[in-house]
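The chain contents come next:
Number of protein chains: 2
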Amino acid sequence: MTKRFSENEIAAIYKAITERRDMRHFVSGPVDPAILERILQAAHQAPSVGFMQPWRFIRITDYCLRQKIHLLAEQERIETAKALGEREDEFMQLKVEGIMECGELIIVALMENRQQYVFGRRTMPDMDLASAACAIQNMWLASRAEGLGMGWVSLFAPKKLQQLLNMPKDAKAIAILCLGHVAEFYSKPMLEKEKWARREKLHDLIFENTWKEKPDC
Amino acid sequence: MTKRFSENEIAAIYKAITERRDMRHFVSGPVDPAILERILQAAHQAPSVGFMQPWRFIRITDYCLRQKIHLLAEQERIETAKALGEREDEFMQLKVEGIMECGELIIVALMENRQQYVFGRRTMPDMDLASAACAIQNMWLASRAEGLGMGWVSLFAPKKLQQLLNMPKDAKAIAILCLGHVAEFYSKPMLEKEKWARREKLHDLIFENTWKEKPDC
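Chains as they are written, first to last, in my numbering: chain W, -2 to 214; chain Z, -2 to 214.
Since the hints were derived computationally from the structure, they do not count as laboratory data.
You can trust all of the hints, since none of them are fake.
Copies of one chain are not kept apart here, so a pair can be met inside one copy or by any two copies together.
Heads up, simulated DSS-like pairs for lysine-lysine below, C-alpha to C-alpha not over 30 angstroms straight-line:
(1) K157 with K79
(2) K166 with K79
(3) K190 with K92
(4) K157 with K198
(5) K185 with K12
(6) K12 with K0
(7) K0 with K190
(8) K185 with K79
(9) K209 with K65
(10) K192 with K0
(11) K0 with K92
(12) K209 with K166
(13) K166 with K198
(14) K156 with K209
(15) K156 with K198
(16) K209 with K157
(17) K185 with K92
(18) K156 with K92
(19) K92 with K157
Given the sequences, and given the hints that come with them, work out the whole structure.
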């Protein structure tokens, strides 16, 4: 393995990182199986705590099942809106998922028998979630490079999705991934464009040797 | 933004994903501040649930503090070895961190006041950890392209690290990141090379419409 990549390669990495978006708007059309394979292989190259490779992928190819998953997300969308209080109406205006439109729907779950793994997880058992999130970030970047959009939907009740997919009780769904063709990528994160939240300044988030959060203004 | 990247750019993305390693062996020398800035900017481009940008970075530049952090990891290494039972000796042979050798030591933590954020977290509050893990994966890939190694150490008691860094009680340290120069990148994940665990076959981890784990052989 060479060490430092070429300048063009480095630029490509930063381009993928910068232009990746959490997509909720898709256009119809299937995902090329060869591209899907590359994207899933990218996931499987992610780091994992103690090399446990905790990620499991459930492709949803049954249309009725896709509808049921959409319903779970819709139920949670309404519950979330209520929980948001004064921002309820604003939230309900946002498009938060593209489950029915995307070419490929994939559930990512954490493996069963997770409790057997202690390496790097004795004090922080949720490190397998962190590993699976790294795998999903790989998928996001690979998808962006391939010209496909991806969205991570976390608006669902995990227990209900677990039942729907006949998952063992110690496995846990963490993502409904919408993958597919898009008309265009958002120029900025959609929630920034829609003024749901503003981009923080990076240097407000970097401290030295001790915590020092800036006071809210 | 263009859609599909060029073939060379796509190849660069997959190269970074494939050649990224969780590094524990470093050689001395500081990290160029301009490169560190790019790597942290890459982190800040990660997706985050409800655009909450939960990541905070604490650069450790004080040598005594670095020693104290190393001690925390060493204490947890011994506790983990005990918890592993019959694999205790095998575990103690592994190099699990490069805290004292790496050029740059960065703690990644989740922000304070996390409970205020409901979007995408009502049923799964740990989604901010997932977002921060995506940020760390961006750092890993950017570092690899820049020719720097990075390791994510999760062998520590989060409460002790919280106290050491004067973190608010609802903020949470999730990673001790070792970043720096390396003599070479491992040809395979170190835990695979050392036969701690074997690489799973990707297609054993992909199901369709329902959970179907292969029985252990």
